[in-house]
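Asks: The listed protein sequences correspond, in order, to chains A and B. Using the working numbering, the letters of the first sequence map in sequence onto residues 1 to 114. Using the working numbering, the letters of the second sequence map in sequence onto residues 115 to 224.
Where hints are given, some of them may not hold.
What the hints assert, rightly or not - One side only, chain A facing chain B, incomplete, derived with CB under 10 Å: (1) Lys13; (2) Glu48; (3) Phe50; (4) Leu88; (5) Asn101; (6) Gly106; (7) Gly108; (8) Arg110.
Unchecked claim - Computed list of chain A residues with no C-beta within reach of chain B, every gap over 12 Å: (9) Arg9; (10) Gln17; (11) Gly62.
In short, the hints are calculated from the structure, not lab data. Cβ coordinates follow ideal geometry from the N, Cα and C atoms, glycine included.
So the chains spell out like this:
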Amino acid sequence: KAGVTQTPRYLIKTRGQQVTLSCSPISGHRSVSWYQQTPGQGLQFLFEYFSETQRNKGNFPGRFSGRQFSNSRSEMNVSTLELGDSALYLCASSRLTSRFNEQFFGPGTRLTVL
Amino acid sequence: GIQVEQSPPDLILQEGANSTLRCNFSDSVNNLQWFHQNPWGQLINLFYIPSGTKQNGRLSATTVATERYSLLYISSSQTTDSGVYFCAVWDSNTGNQFYFGTGTSLTVIP
Numbered sequence: 001k002a003g004v005t006q007t008p009r010y011l012i013k014t015r016g017q018q019v020t021l022s023c024s025p026i027s028g029h030r031s032v033s034w035y036q037q038t039p040g041q042g043l044q045f046l047f048e049y050f051s052e053t054q055r056n057k058g059n060f061p062g063r064f065s066g067r068q069f070s071n072s073r074s075e076m077n078v079s080t081l082e083l084g085d086s087a088l089y090l091c092a093s094s095r096l097t098s099r100f101n102e103q104f105f106g107p108g109t110r111l112t113v114l
Numbered sequence: 115g116i117q118v119e120q121s122p123p124d125l126i127l128q129e130g131a132n133s134t135l136r137c138n139f140s141d142s143v144n145n146l147q148w149f150h151q152n153p154w155g156q157l158i159n160l161f162y163i164p165s166g167t168k169q170n171g172r173l174s175a176t177t178v179a180t181e182r183y184s185l186l187y188i189s190s191s192q193t194t195d196s197g198v199y200f201c202a203v204w205d206s207n208t209g210n211q212f213y214f215g216t217g218t219s220l221t222v223i224p
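Start from the sequences, fold in the hints, and give me the full structure.
Replies: See the structure below:
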């Protein structure tokens, strides 16, 4: 069974631009969660989508948004990029909601904002 | 939110040595996982262990949910074990997200 895939793997943007990251979960998994990892803040939860609905949201500004499609694939969008948005963005999938199920992570998208 | 503390923050071992990593959490949890982050940033699943004891080869883990801690044991360490080890928990009270610890950075030297 294929693992979680994320595209693109690397991305360089400039301040003020917007970016869209994509995540394809493991086949049969219906939940997708997104995380941001930075050296200063560590791993922080962004949001979780289950059956195309946002179930939970972390403490990030509204510039961070996401969506999930009927095939469970998910996209994350960051608008008006700031230098501090430079980070490794990880997505994870689980069979059902991640609260009671094991999560599996993708390889991540490394975003650099110049 | 729940506080997740991992210790030690850094660990240097000689190849072949054993080690114990600890994860303390401040409230009851529904879910607890251990991960190994490799140098390329990928988080590798080690254990899904909200309670009890599990073993997988040279690795084993124990979670004592009532006492709010989990332990990860690595025996006969190898250089490929190097990396950062994270525990992550889902707070059963607020129940709205996973919280990660700050990690233990392990270096195994030959």
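Asks: Compare the structure with each hint and give your call.
Replies: Comparing the hints with the structure gives:
no.	hint	result
1	Lys13	violated (18 Å)
2	Glu48	holds (7 Å)
3	Phe50	violated (13 Å)
4	Leu88	holds (5 Å)
5	Asn101	holds (8 Å)
6	Gly106	holds (8 Å)
7	Gly108	holds (5 Å)
8	Arg110	holds (7 Å)
9	Arg9	violated (10 Å)
10	Gln17	holds (23 Å)
11	Gly62	holds (17 Å)
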